[in-house]
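> Chains as they are written, first to last, in the working numbering: chain A, -3 to 585; chain B, -3 to 585.
One copy or two, it doesn't matter: identical chains are merged, so the pair holds either way.
Straight-line distance between alpha carbons at most 27 Å, and here's what the computed DSS-like set of lysine-lysine pairs gives:
hint	residue 1	residue 2
1	Lys368	Lys181
2	Lys542	Lys517
3	Lys497	Lys440
4	Lys504	Lys184
5	Lys542	Lys563
6	Lys497	Lys542
7	Lys230	Lys298
8	Lys85	Lys517
9	Lys230	Lys250
10	Lys517	Lys504
11	Lys440	Lys563
12	Lys542	Lys504
13	Lys184	Lys250
14	Lys517	Lys497
The hints are simulated quantities; they were obtained by calculation from the structure and are not laboratory data.
2 protein chains.
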Amino acid sequence: MFEARFQSFDDPQPAQTGPRVQALRAELARLELSGLILPRADRHQNEYVPPSEERLAWLTGFTGSAGTTVVLADRAALFVDGRYTLAAKTQIDTSVFTIVPIADTSPERWLEQNLPSGGKLGYDPWLHTAEGAERLARACANAGATLVPVEPNPIDTIWTDRPARPLGPVVLHDLRFAGEATNAKLDKIRAEIASLRTDALVVSDPHAVAWTFNIRGSDVAHTPLPIAFAIVPKQGRPTLYIDSAKLSNAVRHKLEEATEVREPTAFVSDLKALGEAHRTVRLDQATGAEALSRIIGEAGGKVTRGLDPIAMMKAVKNPVEIEGARAAHRRDGAAVTRFLAWLDREAPKGQLTEIGAVEALESFRRDTGLLKDVSFPSISGAGPDGAIVHYRVTRSTDRTIAPGELFLIDSGGQYQDGTTDITRTVAVGEPSQEMRERFTLVLKGHIAIARAVFPEGIAGSQLDPFARQALWTHGLDFDHGTGHGVGSYLSVHEGPARISKLGNTALKRGMILSNEPGYYKAGEYGIRIENLVLVVEGPTAAGAEKPLNAFETLTLAPIDRRLVERKLLTAAEISWLDAYHARVAQELG
Amino acid sequence: MFEARFQSFDDPQPAQTGPRVQALRAELARLELSGLILPRADRHQNEYVPPSEERLAWLTGFTGSAGTTVVLADRAALFVDGRYTLAAKTQIDTSVFTIVPIADTSPERWLEQNLPSGGKLGYDPWLHTAEGAERLARACANAGATLVPVEPNPIDTIWTDRPARPLGPVVLHDLRFAGEATNAKLDKIRAEIASLRTDALVVSDPHAVAWTFNIRGSDVAHTPLPIAFAIVPKQGRPTLYIDSAKLSNAVRHKLEEATEVREPTAFVSDLKALGEAHRTVRLDQATGAEALSRIIGEAGGKVTRGLDPIAMMKAVKNPVEIEGARAAHRRDGAAVTRFLAWLDREAPKGQLTEIGAVEALESFRRDTGLLKDVSFPSISGAGPDGAIVHYRVTRSTDRTIAPGELFLIDSGGQYQDGTTDITRTVAVGEPSQEMRERFTLVLKGHIAIARAVFPEGIAGSQLDPFARQALWTHGLDFDHGTGHGVGSYLSVHEGPARISKLGNTALKRGMILSNEPGYYKAGEYGIRIENLVLVVEGPTAAGAEKPLNAFETLTLAPIDRRLVERKLLTAAEISWLDAYHARVAQELG
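All chains should be modelled from the sequences, with the hints used to inform the complete structure.
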């Protein structure tokens, strides 16, 4: 019997928006604030946040992974990006909140136009980066108002049955998966701190904490994160701030070989101490809350902000992680291949729904015996649902996979040796000629990336056009990036490298990225062909002046050849396709 | 007899650096400043500056088109980019100035490391953009020092024989070249001002002034600019601030049909008046000096900064400008083709030098009877000189064009109907097999751009990789962008569109850009193949969802087919090459 244990399909429950907003407005009046800005964020700018941090959803009913609300005395707006404009309409009470597409009006612009002059807009400095808070402050000033930090968050005052913070158990990430001991990693981090001419680095990204201390947790869904902070000084032992309730004695003892371990409550006082000692402290511009800058600065310290040096270190996988990724992909590929074979038998019967497919696929992955979680909730789109790029199937949207349609399924697994992410688009019954042609144009883009050869130093932005060229010549394109970085039993969406228009980080050997061009025909079907690729040494070229890199495709699962129009492929592309399937057959046995 | 009237080949004269820096230090001490930062810039951030603004060259002897110096009491640094590190060593007195490659240490970083704590660094607020000044202010603050505006520029106090400001005569740019009357352009500008929610636009870019008011000037070399400012209010007549000595009565009367005309001295007082009336004034972030923000802000006004709306308007050429560009390129192409034929006869004799080639080419262009100027000083590189991307030949560097070498010549003309820019690389005698192969890889990149088909909305950064792909697979690349925008009898380097890694402006029909990939082997030879291209409507594709664009190649001159290794070309590339030469033959008659 198939079932999904790591994902659910419940429809979001409407929130009691009216009373909650009323309570918030009363609290804001008590605090003498004109309004509150509230993003969908936790203290670490995580993509997946613990239930205790889902303030935006509690207040508005909106459950998308990104959004912001501004609540003033007499009006309230919910800012959403293109992914969520339709979903938001069904989830929120539009008599209380106006939905504002963020591409039309940013929160800053809306504030300039709606904040009363002389007003005070409250914000929680733990939920905004310093740059984000600066932009809000400028917008408030432009409106003749001021931005005022509020602690505690007014939501926490009125959300009386707020869930407790997560206390997921922490496990050690064994060296046979991690490949590099914590002390070696700390040496590299300290060298970076010295070259940045700073006294200490605050590690605000829990992914970076997990990587540095070789631990994994279970505080959020789909990524094995321990929510924690750390401070690494230029010299001496670092300190890890984490709930002791998450640590068994064995884990604590192992950690203490490399680091001090203190409760989260000590974090703020230790930041203050750094400030009082007039230290220069480096923060991560992407995940460091503005509260950190305030605390250090107000105590007398100096703050510098920039790219997290640990982000680049963990993006480049070491040889053990690389072998782990290969093993995880053989395992995951076998499960997906079994699923695709089962799907080919089941779908034509006309009884299988999108949810059924997700349950089956997850069950095939669990049958490996090594699945720790799915790496994200599966995107399972039959027919027109496949054209909704961020479609999430629920009980009410569930749709039967019908003959004559395309079925798109994007899924992945978390294994201790690697994180996977794969999309396959399959024909159910007889596909139209247009579906086959457009699938083939997407495939040409996928193959162009898979076969790319590029010098050291080239960034993902400089490869992205090759994924689109075939579509472009037909007046088509896809409205998302070609690829994102992937972690090692960490986040399935890992920076800093990306294959996209704005992906400006140089690609380095050892990085793992996705290769996922697509094409979406609204109301009809969606196509995406995704494999993960590893940056490796490229072929030797006579007279080369720069080292060459290439991609090794990690993902092993058949591509639906009934959708391939071979007439549109070049000889080299046909050759790649045949070689890929031969390799799948050989490696999966 | 051939001669160059629009360019010279004089070696830069060494400057009397010692006494001048001494005088500067004395003046700084009198002003109680710890130092001065001095960029190579005028009040409009022009690429070519009038002699009266060449302060950096006067002080340091450095004549490159970009650089900055910081002079402190006991040390001085000259910051140069990669183009000029070698040239700087020969031009400056290294006992007075330390050359600092800007890629290693930025001025801001150097200041943080060298400014004395409590010190005051002077800067001329007319020579820095607001963003540039902000970065300097932060760097000073990080060093415990302050950034202090100084007017007049201390150089002007000690440079007692400074040339007078330019008073080049202004001519009207006839409607048969401009294609759109000033009042129509002003209507569009006022619509932009309204949508930006601002009260007035300051036009600080003289190129934008020229375009808006359909005038051309002669205040700098190679670009027909009238140095001037303008203010365009949301409603009512604009004001043009320009030396009346530049205007004949006829030109003044014509201008006054559309705009007030006032002396440059009125500009600052009119900015103050806007401030005192609490207006919101929009500045160009690229060319607006920080002085403008100060004046308006200190008087009580509000300043917003962003991309110059006029920049985008003039980047998209109207039908008259487009026809003018085609005519100018037929004319210029005929001249270049005659030159190339002459070169083929002369060069093998072994007597022709780089300077001789430049003189000949300019003479062929002048023979058209319509050449107004060269659009930039020609780059004329024989043999190893071709590998120096920004090579400028002088009497002392002049080199004979020898058989067995490649000769690279990059040149262009200014005509009232268009601006041209073309690079040809020719073989003198017998080229090596490596030269032919690498020339062909560059040609493949050039053809990929020439044949590109891309949807509306695609930016130059998304085409740049196609120019490099063939080189990449051989472990090669070129260290500059693939293309820059070009004006219409205006700047040969016109933003905002670029075909380069950072070219993020969408390409629109009517834009003119260069297509100039290259390959440079230091110490041996350089290859560049450059044509200008016009963005036009692309082919119709069945089922297309987006409008398609393509390039029409404007430049008409033969490419040296002795350097083409046809075995490396695809059938489509050979077809393009043959069709191009057929078109050249046909259009040039």
